Every structure is written in C-alpha cells, then in structure tokens.
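If you're matching them up, the sequences are chains A and B in order. Each position in the first sequence, counted from 1, maps to that position plus 480 in our numbering. Each position in the second sequence, counted from 1, maps to that position plus 1244 in our numbering.
Keep in mind that the hints were calculated from the coordinates and are not lab data. Given the structure is predicted, the values throughout are model-derived calculations rather than measurements. It is possible that some hints are incorrect.
To be verified - No more than 20 Å apart at the CA atoms, straight line, and that leaves these computed lysine to aspartate or glutamate pairs for EDC-like:
| id | chain 1 | residue 1 | chain 2 | residue 2 |
| --- | --- | --- | --- | --- |
| 1 | A | K536 | B | D1282 |
| 2 | A | K516 | B | E1316 |
| 3 | B | K1301 | B | D1282 |
| 4 | B | K1315 | B | E1344 |
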Amino acid sequence: GEDVEQSLFLSVREGDSSVINCTYTDSSSTYLYWYKQEPGAGLQLLTYIFSNMDMKQDQRLTVLLNKKDKHLSLRIADTQTGDSAIYFCAERLHASGGSYIPTFGRGTSLIVHP
Amino acid sequence: DVKVTQSSRYLVKRTGEKVFLECVQDMDHENMFWYRQDPGLGLRLIYFSYDVKMKEKGDIPEGYSVSREKKERFSLILESASTNQTSMYLCASRGTVRDEQYFGPGTRLTVT
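All chains should be built: construct the whole structure from the sequences, respecting the hints.
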C-alpha cells in the first residue's frame, strides 16, 4: 500500500475554511511537508512542520501534526479561488547514498467555488 | 531564490525515438530527481542522483536512463519512446536546510 495517503478531492465555497488530511506511515520522519501545484506548473513548497511540533501557523495556513496517529492536516482559512490547486503531503525518508527521498501522497485537488 | 529549469514545456515525439529531457538548477544542490506525474497516480520517482556521475533507481526506472555529468544538470533519457511514456515529467533538486524539494515547471511529453 501507499506510504502517504490523502483523499483525492475537496470542494469548498469561497470564504470557508478548507481542511486537507494526510496519513503517513514512518514515525521516524523528521520533516513533513505540504506542496502546492497550480494548473500546468511544478510543485512549490507551501509549508513544512518539524516532527517535534504539534502545530505551525503561517498567515492563513495552519498545519496540525498528530504523531501518535501519524496524521497531518493543512487548514486554509478564508479560502480563495486562487487557492484552487492540487495539494501534496510528503514525508522525508532516508534512502541509499545518504540522500533523503520524500514520499508523496497522490495529491488532493482543492476546488473552490465562488 | 532557487531556480530549476527544464528544457521544454511541451514535447511531441514518435514511438521509437530517443528523447532527452534536460534539467538545470542554479543552487549548487547535490541531489536531483526525476518524477513522472499521471492523473490519479501522483508523483512516481524514476531516478535520482546524489552526486555527479552517481545515480540511483527510483520506483519506476524501466525504459529510462539518466546522466549527471555536471552538478547543475540532470538529464532523463528515454532510449526508445513508447506511448505509455506519455506523461508530465518533473525535475527537482533538494535543498540542504530542510531537505525540501524545488521543482521545475514540468515537461508534458506526448508520444504518438
């Protein structure tokens, strides 16, 4: 099965809050990330959280981490049409050659209705 | 700001052709990656490189090879393109502070 799981779609009304959820499997992950992909573009790092934190807030974004349940969430307050994109959850894993390889979820398509 | 560029945004090739996808990063990162992205499947790692002339297979290396002759450049090669290699190809390099990835804009390859 997948190492990182997230639902594929989320639809919200403009001005509401969006919550995108993710579960991961490796409890030794030290960093967990959220990336955003706008249509026709590559991924951009949106925010990250270090594993010794429970919460991180950055303007309209709030990341919550529950290490016991291996659950990560991204909350977007006051969602705007410009937030419509695919959001990827990722965890950092160690790989061969001393490099760190992220494992990505399949991405959640956020659709914001006016 | 880190910049990762890819040689083409759109590419159309014929079955059996040899295809080169180029990626360049300007931040002296040691690690670089090639992914393909398909609807419903997310990102799948093809190959990565942790140093010049070093490479490691990812999850789906079959039908692909890579070249890293210089630190800033990582090339993906489709030896004999097939229609099932029609996809979006994303290159990335890894930052050194939080191991975050920096992605290029992607190359949408169509093999006919």
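Which of the stated hints cannot be reconciled with the structure, identified by number in ascending sequence? As far as the earlier hints go, 1 and 2 are violated by this structure, in ascending order.
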